[in-house]
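Novice: Now for the letters of each chain:
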Amino acid sequence: MNRDTAALDLSLYHELQALYADYASAVDSGQWDLWPGFFTEDCVYKLQPRENHERGFPLATLSFESQAMLRDRVYGIKETLFHDPYYQRHVVGAPLVRRRDERGALHCEANYAVFRTKLDGPSTVFNVGRYLDVVVRTPQGLKFAQRLCVYDSEMIPNAIIYPI
Amino acid sequence: MNPTPDTGGAPDALRWEAGDTSRIPFAVYTDEQRHRRELERFFYRGHWCYVGLEAEIPNPGDYRRSVVGERSVIMVRAEGGAIHVVENVCAHRGMRFCRERHGNKKEFVCPYHQWSYALNGDLQGVPLRRGVRQDGQVKGGMPADFDPKQHHLTQLKVAVRGGVVFASFDPEVESLEDYMGPTILGYFDRLFNGRKLNILGYNRQRIPGNWKLMQENIKDPYHPGLLHTWFVTFGLWRADNKSELRMDAHHRHAAMISTRGSAGQATGSASQVTQVSSFKSSMQLEDPRFLDIVPEPWWGGPTAVMTTLFPSVIFQQQVNSVSTRHIQPDGHGAFDFVWTHFGFEDDTPEMTQRRLRQANLFGPGGFVSADDGEVIEFSQQGFESKPGHRALAELGGREVGETDHMVTETLIRGMYAYWRQVMEAPL
Numbered sequence: 001m002n003r004d005t006a007a008l009d010l011s012l013y014h015e016l017q018a019l020y021a022d023y024a025s026a027v028d029s030g031q032w033d034l035w036p037g038f039f040t041e042d043c044v045y046k047l048q049p050r051e052n053h054e055r056g057f058p059l060a061t062l063s064f065e066s067q068a069m070l071r072d073r074v075y076g077i078k079e080t081l082f083h084d085p086y087y088q089r090h091v092v093g094a095p096l097v098r099r100r101d102e103r104g105a106l107h108c109e110a111n112y113a114v115f116r117t118k119l120d121g122p123s124t125v126f127n128v129g130r131y132l133d134v135v136v137r138t139p140q141g142l143k144f145a146q147r148l149c150v151y152d153s154e155m156i157p158n159a160i161i162y163p164i
Numbered sequence: 001m002n003p004t005p006d007t008g009g010a011p012d013a014l015r016w017e018a019g020d021t022s023r024i025p026f027a028v029y030t031d032e033q034r035h036r037r038e039l040e041r042f043f044y045r046g047h048w049c050y051v052g053l054e055a056e057i058p059n060p061g062d063y064r065r066s067v068v069g070e071r072s073v074i075m076v077r078a079e080g081g082a083i084h085v086v087e088n089v090c091a092h093r094g095m096r097f098c099r100e101r102h103g104n105k106k107e108f109v110c111p112y113h114q115w116s117y118a119l120n121g122d123l124q125g126v127p128l129r130r131g132v133r134q135d136g137q138v139k140g141g142m143p144a145d146f147d148p149k150q151h152h153l154t155q156l157k158v159a160v161r162g163g164v165v166f167a168s169f170d171p172e173v174e175s176l177e178d179y180m181g182p183t184i185l186g187y188f189d190r191l192f193n194g195r196k197l198n199i200l201g202y203n204r205q206r207i208p209g210n211w212k213l214m215q216e217n218i219k220d221p222y223h224p225g226l227l228h229t230w231f232v233t234f235g236l237w238r239a240d241n242k243s244e245l246r247m248d249a250h251h252r253h254a255a256m257i258s259t260r261g262s263a264g265q266a267t268g269s270a271s272q273v274t275q276v277s278s279f280k281s282s283m284q285l286e287d288p289r290f291l292d293i294v295p296e297p298w299w300g301g302p303t304a305v306m307t308t309l310f311p312s313v314i315f316q317q318q319v320n321s322v323s324t325r326h327i328q329p330d331g332h333g334a335f336d337f338v339w340t341h342f343g344f345e346d347d348t349p350e351m352t353q354r355r356l357r358q359a360n361l362f363g364p365g366g367f368v369s370a371d372d373g374e375v376i377e378f379s380q381q382g383f384e385s386k387p388g389h390r391a392l393a394e395l396g397g398r399e400v401g402e403t404d405h406m407v408t409e410t411l412i413r414g415m416y417a418y419w420r421q422v423m424e425a426p427l
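Protein chains in written order, with the working numbering: chain A, 1 to 164; chain B, 1 to 427.
Same shape as in the complex, but just chain A (with noise of 0.2 Å):
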């Protein structure tokens, strides 16, 4: 186990657990008004492909920097972006915490494996890849102040419309 993950309190890190549990449960609900609320206000969120994040390229799928901006996907998703319904399911690894910072905020990593099921097809795999995050303390509990979902699935099927 890493170090920091080691050395963190027990029910801090079952709190951050929650955290990844709750995150992934919502966002396979089909209750898109659920996910902002995982966020603080002036949040990062980005979906980019693993090329552009390791040769130094800012380009990203989707990119966020506000709940606010969150909320306007959100309304996308809703209201405005024509698409194929489908379902999604989110398998997440264990969360490493890598550091804590100064601020006492947490940064960590997980793995995640997204499967999408068409209402008339198979499930398929849709999107692999890595969460980084930061995750800071607020009054309404654990928040991400950011997450970067890094994808190894690069060669996108079609279209990404929900929250990975």
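Here are the simulated distance ranges between beta carbons:
1. A/V92 to B/R206: 21 to 27 Å
2. B/E174 to A/K118: 40 to 46 Å
3. B/A82 to A/S25: 53 to 59 Å
4. B/R37 to A/A18: 54 to 60 Å
5. B/A13 to A/P85: 34 to 40 Å
6. B/Q155 to A/R50: 31 to 37 Å
7. B/G94 to A/S25: 48 to 54 Å
8. B/A82 to A/T124: 40 to 46 Å
Simulated from the structure, these hints should not be mistaken for lab results. Just so it is clear, CB atoms sit at the ideal spot from N, CA and C, and this is done for glycine as well.
Starting from the structure of chain A, add chain B where the hints point.
Specialist: Positioned in the frame of chain A, the structure of chain B alone reads:
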């Protein structure tokens, strides 16, 4: 029994119901044989294809793998700075030897038998060419008349303009400038006006539909104001915007030009735009930075120019977001669509940030573009289920010509007029 006639067989069995190209047989999208002919006649002969941007290979030895049609090619910068495009097929056993997406090399070596090539594709080394010496005798090796000059990598003809690299398998292809024609060249030079480009990154998507549908998508100014709620609501693309549709003399390339915020100049059905159901008068952004649009001097007026260069690429300027979109067919029923977003050397950090933010509208997850891939997939599903049927492209009449409005499918009709000339010509 299927009541519609079966026209999906041989590539020359198409039935153009109206005589002209205002009704397009579904079978142009569904037949593998016809697709092979398209590759041969559009991607491998007589046409220029997009390969990449010079800025992707700034230094000698830098290379990037790319695609022309369904063939893998390598774009590389040689020692002297010249750009070469060679086919990624070893001259010996045909192996697609270059597996990395990009990198820097002094030579290309096929790992199978270590045939080595200079960066321009010339064969420079063949291991054991002169055999081995055993017991004072030379054994094996290539025949004495083996001539390395005859066995280079396929070297494509290359044209570079404004930092954009094109290649052709056809040594007889006309100049890039003649290929574009003066009208389209003007819009190309507007975007690629000699400033160095700064690569911002890539997006890739695989769209399960025929490659021509992506060309048609960007030759169809009818759909953006209807399918794309974002565009119509924020006035980025509305039927009553001041607009123009331009083409080259062959009608194969096109530019859709639009100016935001000039509503009210069109009449008739175009003025009914606010009645369309995708217009959401109550829609407001919670974070307006998505649309923090700052006009740039090089625009010279239009806020959007979408240029289709047949057959392989789309050049996007949508307000501050600029990109190339590379069409890479894979069989008749799918293509890969590779987006390269860029900026310019004189961009401020704020402008770079703005381009990145506006990129949220485009690409495989974009507020606007994600649904283009979706409708292409579902069109293909319709075509496959009844290839004897046909689509309509009759908006704005049945003829082909440039217009000063966008309530027309004339660019699609023009593309198919050209397509028919090439595809129906005898071999």
